[in-house]
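Novice: The primary structure of each chain is shown beneath.
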Amino acid sequence: MKSRILRALLIGALVSGATAGAQTIGHAAPTVAAPGSGTTVISGRPSAASDSSHSYDAQALRFETHWGSGDIIRGAAGPVIGTVGWFRDFDVEKLVASSPQAVTEARAFKTNNFRGSLVGGIGALTLAAGTVITANSSNNAASPILIIAGAGAMVWGVQHLNAGYSRLSRAFWWYNRDLKR
Amino acid sequence: MSRLLLAFCTGTCILTATPTLMTAQERSYDENALRVDEHHGTIRIVRGVSETVVAKIGVFRAVDVAALVRPSPNAVAEATVFQRNYRPGTWIASLGIATLGAAIGASRISGLNQAVPTSLTIVSVSLITYGGFKLETAHRALSKAIWWYNRDLK
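Those sequence lines, one after another, are chains A and B. Heads up: the first sequence is residues 1 to 181, going by the working numbering. Heads up: the second sequence is residues 1001 to 1154, going by the working numbering.
Check before you lean on any hint, since a few could be wrong.
Unchecked claim - Distance condition first, Cα-Cα at most 16 Å in a straight line; then the derived EDC-like pairs of lysine to aspartate or glutamate:
{"hint": "1", "chain 1": "B", "residue 1": "K1134", "chain 2": "A", "residue 2": "D91"}
{"hint": "2", "chain 1": "A", "residue 1": "K110", "chain 2": "A", "residue 2": "E93"}
{"hint": "3", "chain 1": "B", "residue 1": "K1056", "chain 2": "B", "residue 2": "D1030"}
{"hint": "4", "chain 1": "B", "residue 1": "K1154", "chain 2": "A", "residue 2": "D57"}
{"hint": "5", "chain 1": "A", "residue 1": "K180", "chain 2": "B", "residue 2": "D1152"}
{"hint": "6", "chain 1": "A", "residue 1": "K180", "chain 2": "B", "residue 2": "D1030"}
{"hint": "7", "chain 1": "A", "residue 1": "K110", "chain 2": "A", "residue 2": "D91"}
{"hint": "8", "chain 1": "B", "residue 1": "K1154", "chain 2": "B", "residue 2": "D1030"}
{"hint": "9", "chain 1": "B", "residue 1": "K1154", "chain 2": "B", "residue 2": "D1064"}
{"hint": "10", "chain 1": "A", "residue 1": "K110", "chain 2": "A", "residue 2": "D71"}
It should be emphasised that the hints constitute simulated quantities derived from the structure, not laboratory data.
In isolation and in its complexed conformation, chain A is listed as follows (with noise of 0.2 Å):
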């Protein structure tokens, strides 16, 4: 009889540490209830990434800012597989096209990127046009406005572009979530 309770024990054990292997091994995707509707949903990674080369190490992007543009990394150390930033086109919608949150912040991020350029570039050469026509002792009424209406642009493009920053480096987080480990 014990050794019946013990067999069975143990079998209790081996099944959910088989189990319990699974979870930790395994990416399970989260279930999360969707609002207001009272059902479950799976919020699921796409089944999309299984083959090694979509795995984190070899895939996984990130930036680095360089004086006001952004390098696009793979990787640690990888290489540098596109600039972002002022005036700087590169579609980083199509670089994270296989997660779709992450396309959405990618738009995000290119809207928000070409406003701050804009504005920014706008406001810089209303600032230097002011401040050349200080220098030149020109007793002209419009410099002052022009000066701070140069920076206040400029402020806001340089807000713009640390929102676009903001919503790549969400682009990337979601990318990465998306691929395999």
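Position chain B relative to chain A; hints supplied.
Specialist: Using the frame of chain A, we list chain B on its own:
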């Protein structure tokens, strides 16, 4: 029979309560993966889908990033590089900007030896460049640290 069932359940409970599973769950990508978020000149490190702010790195305020990424040795190494460069970089660059201000001020003083504002300008440009390089190194290391930390999550 009921005793057998009880024994089976006990065996199951013992193993499901082991810390191994809890650790794996606690370090999942969705809940723990970090990313950098810049907001009004402050670098914020946010965690997980919920984007909880776990650290704020201001202009002169450094954070123990190494402690934040501790479970990953590679991440800790990069975080150390970040910490070694970030604060000196901000101070040196700020000193350079202040020196540039002094150079502009000196250039407006009539009768002052022209060598003074020129020297101040050279010093300020050097300081700003050196500080900028240190900050670049710090940002690069932070990016790598977070990459490594996220890589080592389940």
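Novice: Sort out whether D1064 (chain B) lies within 16 Å of K1154 (chain B), counting only the CA atoms.
Specialist: violated, 23 Å
Novice: Between the alpha carbons of K1056 (chain B) and D1030 (chain B), is the straight-line distance 16 Å or under?
Specialist: Outside the cut-off at roughly 21 Å; violated.
Novice: Please verify whether K180 (chain A) and D1030 (chain B) have alpha carbons no more than 16 Å apart.
Specialist: Satisfied, since the Cα-Cα distance of roughly 13 Å is no more than 16 Å.
Novice: Straight-line Cα separation of K1134 (chain B) and D91 (chain A) no greater than 16 Å?
Specialist: Distance of about 30 Å is beyond 16 Å: violated.
Novice: For a C-alpha distance cap of 16 Å, please report whether K110 (chain A) and D71 (chain A) respect it.
Specialist: holds, 15 Å
Novice: Next pair to validate is K1154 (chain B) with D1030 (chain B); report whether the Cα-Cα distance is within 16 Å.
Specialist: Measuring from Cα to Cα gives roughly 9 Å; hence the hint holds.
Novice: Measure nothing beyond the straight line between the CA atoms of K180 (chain A) and D1152 (chain B); if it is 16 Å or shorter, mark the hint as holding.
Specialist: Holds. K180 (chain A) to D1152 (chain B) sits at ~12 Å (cutoff 16 Å).
Novice: For K1154 (chain B) and D57 (chain A), compute the direct alpha-carbon distance and say whether it is at most 16 Å.
Specialist: holds, 13 Å
Novice: For a C-alpha distance cap of 16 Å, please report whether K110 (chain A) and D91 (chain A) respect it.
Specialist: holds, 9 Å
Novice: Next pair to validate is K110 (chain A) with E93 (chain A); report whether the Cα-Cα distance is within 16 Å.
Specialist: Measuring from Cα to Cα gives roughly 9 Å; hence the hint holds.
Violation of the numbered hints given earlier is confined to hints 1, 3 and 9; the remaining hints are satisfied by the structure.
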